[in-house]
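To get this note's numbering, take the position in the sequence shown, counting from 1, and add 58.
The set of hints was computed from the structure by calculation and includes no laboratory data.
There could be a bad hint or two in this list.
Stated by the list, open to error - Here are the computed lysine-lysine pairs in the BS3-like style, where the Cα-Cα straight-line distance is at most 25 Å:
| # | residue 1 | residue 2 |
| --- | --- | --- |
| 1 | Lys151 | Lys114 |
| 2 | Lys92 | Lys114 |
| 3 | Lys188 | Lys198 |
| 4 | Lys92 | Lys63 |
| 5 | Lys170 | Lys129 |
| 6 | Lys170 | Lys63 |
| 7 | Lys151 | Lys92 |
| 8 | Lys186 | Lys198 |
| 9 | Lys114 | Lys129 |
| 10 | Lys198 | Lys170 |
| 11 | Lys114 | Lys170 |
| 12 | Lys63 | Lys114 |
| 13 | Lys129 | Lys63 |
| 14 | Lys92 | Lys129 |
What the hints assert, rightly or not - Pairwise CB distance ranges (calculated):
| # | residue 1 | residue 2 | range |
| --- | --- | --- | --- |
| 15 | Glu74 | Met183 | 13 to 23 Å |
| 16 | Cys187 | Asn157 | 21 to 31 Å |
| 17 | Lys186 | Val89 | 30 to 40 Å |
Don't be surprised by glycine CBs; every beta carbon is placed ideally from N, CA and C.
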Amino acid sequence: MVRVKSRYLLCEVNVEDRSHLLLLDDRAVAVAVKATVARTHGDYGAALCSIGFSVKYLNAHTGIVFLRFPKRCYRILWSALPFITCIETRGQKVPCFLNCLHVGGTIRTCQKFLIRYNTQQLHRMLPKCKNEEEKRQVQKSILNCTITRGNRDESEDDSESEEDEEE
Numbered sequence: 059m060v061r062v063k064s065r066y067l068l069c070e071v072n073v074e075d076r077s078h079l080l081l082l083d084d085r086a087v088a089v090a091v092k093a094t095v096a097r098t099h100g101d102y103g104a105a106l107c108s109i110g111f112s113v114k115y116l117n118a119h120t121g122i123v124f125l126r127f128p129k130r131c132y133r134i135l136w137s138a139l140p141f142i143t144c145i146e147t148r149g150q151k152v153p154c155f156l157n158c159l160h161v162g163g164t165i166r167t168c169q170k171f172l173i174r175y176n177t178q179q180l181h182r183m184l185p186k187c188k189n190e191e192e193k194r195q196v197q198k199s200i201l202n203c204t205i206t207r208g209n210r211d212e213s214e215d216d217s218e219s220e221e222d223e224e225e
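Working from the sequences, and respecting the hints, build out all of it.
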């Protein structure tokens with residue numbers, strides 16, 4: 059039996075008003091992505107990306123989205139993402155754009171990248187804190203964002219496999 063290889067795209071949904079993120083659901087994001095691929099790449103792109111495409115994870119509070127799709131068409135999907143200008147959900151149009159943060163071969167590599175990314179964002183927020191209470195909350199969040207490392211060999215194997223997946 060042959061395994062179907064997939065790619066996972068880690069994206070961030072950027073909106074002007076953060077309260078609009080709570081309106082989003084995975085079905086609306088999937089419809090917007092499929093429509094944009096069909097608009098930019100025609101029937102060929104729509105057919106390639108319709109088989110095996112899914113939204114695996116959507117965090118409406120942070121705007122993080124994991125998109126899963128077949129390996130053979132990830133460049134088509136990736137090239138269509140900048141053309142998403144709004145997502146229609148619950149009868150409302152939410153003006154937004156998707157920022158691609160990472161392309162990975164597994165959800166686990168995307169999760170590891172997301173933890174590193176969030177830690178970097180928290181480190182950037184630390185100097186901008188206005189009082190000591192905000193600083194303590196940010197420092198506490200930084201400490202909670204760490205990955206427990208097993209042995210060093212596992213992390214080296216993961217980095218080698220990521221390089222193989224990108225080829």
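Results of checking the hints against the structure:
For the hint linking Lys151 to Lys114, the alpha-carbon distance of about 22 Å falls within 25 Å, and the restraint holds. Taken as a hint, the Lys92 and Lys114 pair is honoured in the structure, with Cα atoms around 15 Å apart against an allowance of 25 Å. A distance of roughly 16 Å separates the Cα atoms of Lys188 and Lys198; the hinted pair therefore holds under the 25 Å criterion. Restraint check for Lys92 and Lys63: satisfied, since their Cα atoms lie roughly 20 Å apart, inside the 25 Å limit.
Note on Lys170 and Lys129: the hinted pairing holds, with a Cα-Cα distance of about 20 Å set against a maximum of 25 Å. Under the criterion of a C-alpha separation no larger than 25 Å, the hint pairing Lys170 with Lys63 is consistent with the structure, at around 20 Å. Annotation: proposed proximity of Lys151 to Lys92 holds, straight-line Cα distance about 16 Å (limit 25 Å). Under the criterion of a C-alpha separation no larger than 25 Å, the hint pairing Lys186 with Lys198 is consistent with the structure, at around 16 Å.
Distance restraint check for Lys114 and Lys129: the Cα-Cα separation of roughly 15 Å lies within the 25 Å cut-off, and the hinted pair is therefore satisfied. Annotation: proposed proximity of Lys198 to Lys170 holds, straight-line Cα distance about 19 Å (limit 25 Å). The hinted pair formed by Lys114 and Lys170 meets the criterion: a straight-line CA distance of about 16 Å does not exceed 25 Å. Restraint check for Lys63 and Lys114: the C-alpha separation of about 15 Å stays at or below 25 Å, so the hint holds.
Of the pairs offered as hints, the one joining Lys129 and Lys63 holds, with about 6 Å between alpha carbons and a cut-off of 25 Å not exceeded. Only pairs whose Cα atoms come within 25 Å are accepted, and Lys92 paired with Lys129 is accepted, the gap being roughly 16 Å. One distance hint, 13 to 23 Å for the beta-carbon pair Glu74 and Met183, holds here, with the actual separation near 19 Å. Checked against the given bound of 21 to 31 Å, the beta carbons of Cys187 and Asn157, roughly 24 Å apart, stay inside it.
The supplied range of 30 to 40 Å is met by Lys186 and Val89, whose beta-carbon atoms lie about 36 Å from each other.
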